Amino acid sequence: MNDVGILTILMFVAGLALLVGGADWLVRGAARIAAASGISPLVIGLTIVAYGTSAPELAVSVGAAWAGEADLGLGNIVGRNS
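So the sequence shown is residues 1 to 82, counted in this note's numbering.
Hints listed in this document are in silico derivations from the structure and should not be mistaken for laboratory results. Please read these numbers as outputs of a predicted model, since none were measured by experiment. For glycine and all other residues, C-beta sits at the position ideal for the given N, C-alpha and C. Some hints here could point you the wrong way.
Claimed, not checked - Taking CB as the label site, the calculated pair distances span:
#: 1; residue 1: LEU10; residue 2: PRO41; range: 23 to 29 Å
#: 2; residue 1: GLY68; residue 2: ILE9; range: 29 to 35 Å
#: 3; residue 1: VAL49; residue 2: GLY15; range: 34 to 40 Å
#: 4; residue 1: LEU16; residue 2: TYR51; range: 29 to 35 Å
#: 5; residue 1: LEU58; residue 2: VAL13; range: 48 to 54 Å
#: 6; residue 1: GLU69; residue 2: VAL43; range: 23 to 29 Å
#: 7; residue 1: ALA17; residue 2: VAL78; range: 28 to 34 Å
#: 8; residue 1: LEU58; residue 2: LEU16; range: 17 to 23 Å
Let the sequences and hints guide you as you build the complete structure.
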């Protein structure tokens, strides 16, 4: 395997680890804040799931806007809502 293949695999593994770690950090932090505010566990769970399923689309849309790719952002919105 060449250096590019190894680098790609390492970047994939690092990205996956960061994704899992960031998701865990987000869920734990949101649950702590909500619980301290007196919100019921059911509402906490539903809200975290809602944000969790929307976060990838938000990231793509923000990245597209930052890169000046309006078509990608619009396609992301249409695809999410269809």
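Okay, the hints, checked on the actual structure:
1. LEU10 <-> PRO41: 23 to 29 Å: 39 Å, violated
2. GLY68 <-> ILE9: 29 to 35 Å: Roughly 31 Å apart at Cβ, these two residues keep to the hinted range, so it holds.
3. VAL49 <-> GLY15: 34 to 40 Å: At roughly 22 Å between Cβ atoms, GLY15 and VAL49 fall outside 34 to 40 Å, so the hint is violated.
4. LEU16 <-> TYR51: 29 to 35 Å: 20 Å, violated
5. LEU58 <-> VAL13: 48 to 54 Å: 24 Å, violated
6. GLU69 <-> VAL43: 23 to 29 Å: This hint is violated: roughly 36 Å between Cβ atoms.
7. ALA17 <-> VAL78: 28 to 34 Å: 32 Å, holds
8. LEU58 <-> LEU16: 17 to 23 Å: 19 Å, holds
Hints 1, 3, 4, 5, 6, counting from the list given before, are not met by this structure.
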